[in-house]
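Engineer: Residue numbers (the numbering used here), protein chains in the order written: chain G, 45 to 317; chain R, -9 to 365.
Honestly, I wouldn't trust all of these hints.
Said to hold, decoys possible - Which bits of chain R does chain G cover? Going by a derived footprint, with three or more residues having C-beta under 8 Å, they are:
| # | region |
| --- | --- |
| 1 | 24 to 36 |
| 2 | 174 to 182 |
| 3 | 189 to 200 |
| 4 | 343 to 352 |
Claimed, not checked - When the alpha-carbon atoms are kept at most 25 Å apart in a straight line, the in silico DSS-like pairs for lysine-lysine are as follows:
| # | chain 1 | residue 1 | chain 2 | residue 2 |
| --- | --- | --- | --- | --- |
| 5 | G | 173 | R | 166 |
| 6 | G | 173 | R | 342 |
| 7 | G | 174 | R | 73 |
| 8 | G | 173 | R | 123 |
| 9 | G | 218 | R | 123 |
| 10 | G | 213 | R | 344 |
| 11 | R | 73 | G | 173 |
| 12 | G | 299 | R | 123 |
| 13 | G | 60 | R | 120 |
| 14 | R | 109 | G | 218 |
| 15 | R | 73 | G | 245 |
| 16 | G | 173 | R | 103 |
| 17 | R | 55 | G | 173 |
| 18 | G | 300 | R | 120 |
| 19 | G | 174 | R | 103 |
| 20 | R | 291 | G | 127 |
| 21 | G | 94 | G | 65 |
| 22 | R | 323 | G | 127 |
| 23 | G | 218 | R | 323 |
| 24 | G | 241 | R | 323 |
| 25 | R | 109 | G | 213 |
| 26 | G | 174 | R | 291 |
Said to hold, decoys possible - Residues on chain G that point at chain R, a partial pick, calculated with CB under 7 Å:
| # | residue |
| --- | --- |
| 27 | 96 |
| 28 | 97 |
| 29 | 112 |
| 30 | 113 |
| 31 | 116 |
| 32 | 125 |
| 33 | 145 |
| 34 | 149 |
| 35 | 157 |
| 36 | 225 |
| 37 | 256 |
Derived from the structure by calculation, the hints contain no laboratory data.
Using N, Cα and C, we set each Cβ at its ideal position, and we do this for glycine too.
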Amino acid sequence: MDVHDLIFQGADYHYKGDLDKAIAKFQAAVRVEPQNEYAHNQLGILYAKKEHFDAAFGEFQKVVQIDRRNTYALLWLGILYLKQGNLNQGFEKFQRIIEIDPANADAYYFLGAVYNFRHNTARAIEYLKKARDADSAEPDTHYRLAQAFHNLDMTANALLEYQRTLALKPSHTKAINGIGWIYYNRGDRDAAICQWKKTLKINPKDRDAIFNLAKAYNDLAWEARNHNKLEAAILYWKKTLAVDPKNKAALHYLKKYENREPEIGNRLRSSLR
Amino acid sequence: MNRRHFLKYIARSILGTSGLWLSSRGMAWGKSAFDYALEGQNLIAAKRFAEAIEVLKEAIRLDSKSDWAHGLLGRAYHGLDQKAEAVAAFREAVRLNPADTYSRMMIEIITQKPIPRLKRPARPLSPLEKAAKVEEEVMLNQLSPEGGLAYQVKRVVLDPGHGGFDSGAIGPTGLKEKEVTLDLALRLSRRISEKGNIKCFLTRTGDYYIPLSERTVIANQYQADLFVSIHINANENPKAHGCETYYCSERASSKEAARVAAFENAVLKYDEPFKKRPGYIDIEEILFNFERRLYWEESGKFAGTFQDYFQQTLPFKSRGVHSANFFVLRRAKMPSILLETGFVSNRDEEAKLKKASVREEIAAAVVRGLLHGRA
């Protein structure tokens, strides 16, 4: 069979999710044409999807031996190194891609992400901006850039990038949660709470949003209690429990104040006189 | 019949009558997008790519949602080796029809190697974009991108353990863990602030209770680079003494560490693990796991550095560094450690912990660990 037909059939099986048949087609393709980079790359991806990472690694390495400028194979080698926890090797692969293709958005993205993980924010911003400028259609590029800006308190930029993330992927709950913190730290708690509630509408089990809301309600409850507004405090602790039913602080303070509201209210009022 | 075979079939059948198709172009009136696309396909088969591009652009002008026309346009550009334009056209075809195997395959084949980029037209900035630009000019001028992959600490969240109704351990003469941890955190905060180049935040500044889950939320709120939870140890054995440092890891370093972590985790449910989708590689999951592993490794390094300074400078025996899968540390999105500076249940150590001078020594040792444990 013609190698192009084998490759097309393999790709078709791959996209339809029939990994075994796709592998068989691409294996046949590389038997006919051992130097076919695309077929080896596809085998690499397919093996990785089947969690045969050593085999995947071998295929991508073959591609790089055939043509060291094949940035797709280099990128996947970098990703597999990160999967192994090998920072330096992964980093080296992404850097090599940039040398070959100074406009490779994916390599910039991974370099930026790695710098973010090292909390080297200035470098992370430098690389993630390049990733964004090379390809602005990836929500996670905008999200990680937003995180880096947020880490430097550059909230206008962080907000802009979080919004760009959501324009591309409205269900990106981490971006919504990030916007919530910008509002919260600015003192706009209602807007923050709105954001985290929005997350819970998308994913009712989002633990970040649950704990963020619990913290916000507990803070409000504590402030209300300190201002002698016990009814409001009790309401907020109830709200805490509505999102986080095992919240130890809300359980405790609600138990302490709920049944003694009039008595404590009077005491607090008299102590303030 | 798949797309490519269909195209081959169409191409073969049309080639024989291409004259008719080409001549029909001159009749211009009443031609549909389909007619133009078919004509473009014909021209591609005849390797007249430049003409095909013109015809296919007309097809797209009439029907911008024709994935077929976009796919053909990609082929025409590819025929002229205009890779960036080809990829853009194939991408549009796939966007309109995700089942378009041929276009997907062509994108992957072409983008295996570098391709030139298309220029994007400039557009006016929105008010937020303008504000972001001004902010960036101001802020980034103050930053010099420091090289290297060493972990950087510019923000620390200190977490005085316990508080409010939860007094923590209580010593033989009544010293409460919650009071010592808060005092230590406040001393530490002052010392760190004096250094000027590290921002410091506290999970609590008074005697009130904060749940475990909220403590790491605060660390995440401030985008902290390091989370330090401060505790004082206690044991049923009144002779137990010394200081130790814990950090989060997948496996417990000892049975005792596993027991401590199991006790801490008992009241809390674990996060739902990533649900594995068969036949799918989740890049973000790979990055998440990699990030977590880096933070755990970094936590181990910080824990070692802190413990070294404790051993060198504090009037407590070093009990070493331990690791376990602590929920409270695991939810932090940064390296995180838990200090146990002495045993309040030990009469001698309780007496030491009452002294302001000893507390200052502990704070000084932590600051040294912080400054030397970072890049």
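Engineer: Now tell me if each hint is right for this structure.
Structural biologist: Quick rundown of the hints versus the structure:
1. 24 to 36: violated (count 0)
2. 174 to 182: Result for this restraint: violated, n = 0.
3. 189 to 200: It holds: at least three residues are needed, and the region 189 to 200 of chain R offers 3 whose Cβ sits within less than 8 Å of chain G.
4. 343 to 352: violated (count 0)
5. G:173 x R:166: Given pair residue 173 of chain G, residue 166 of chain R is violated - Cα atoms ~50 Å apart, limit 25 Å.
6. G:173 x R:342: 52 Å, violated
7. G:174 x R:73: The hint holds at about 21 Å.
8. G:173 x R:123: 13 Å, holds
9. G:218 x R:123: Cα-Cα ~24 Å, so holds.
10. G:213 x R:344: 55 Å, violated
11. R:73 x G:173: 24 Å, holds
12. G:299 x R:123: With Cα atoms ~50 Å apart, residue 299 of chain G and residue 123 of chain R exceed 25 Å; violated.
13. G:60 x R:120: 44 Å, violated
14. R:109 x G:218: Violated, at roughly 31 Å.
15. R:73 x G:245: 42 Å, violated
16. G:173 x R:103: Given pair residue 173 of chain G, residue 103 of chain R holds - Cα atoms ~22 Å apart, limit 25 Å.
17. R:55 x G:173: 32 Å, violated
18. G:300 x R:120: 51 Å, violated
19. G:174 x R:103: The hint holds at about 18 Å.
20. R:291 x G:127: 21 Å, holds
21. G:94 x G:65: 13 Å, holds
22. R:323 x G:127: Holds - the C-alpha atoms of residue 127 of chain G and residue 323 of chain R are around 18 Å apart, at most 25 Å.
23. G:218 x R:323: 13 Å, holds
24. G:241 x R:323: Status holds; Cα separation ~21 Å.
25. R:109 x G:213: Answer holds: residue 109 of chain R to residue 213 of chain G is near 24 Å, not above 25 Å.
26. G:174 x R:291: 32 Å, violated
27. 96: 12 Å, violated
28. 97: Where the cut-off is 7 Å and the nearest Cβ of chain R is about 10 Å from residue 97 of chain G, the hint is violated.
29. 112: Since chain R brings no Cβ nearer than about 11 Å to residue 112 of chain G, farther than 7 Å, the hint is violated.
30. 113: Holds. Min distance 6 Å.
31. 116: 4 Å, holds
32. 125: With a closest approach of 10 Å, the residue 125 of chain G hint is violated.
33. 145: 4 Å, holds
34. 149: This interface hint is violated because 9 Å lies over the 7 Å limit.
35. 157: 6 Å, holds
36. 225: At 6 Å from the nearest chain R Cβ, residue 225 of chain G passes the 7 Å test, so the hint holds.
37. 256: This interface hint holds because 6 Å falls under the 7 Å limit.
Hint compliance for this structure: hints 1, 2, 4, 5, 6, 10, 12, 13, 14, 15, 17, 18, 26, 27, 28, 29, 32 and 34 are not met, and every other hint is.
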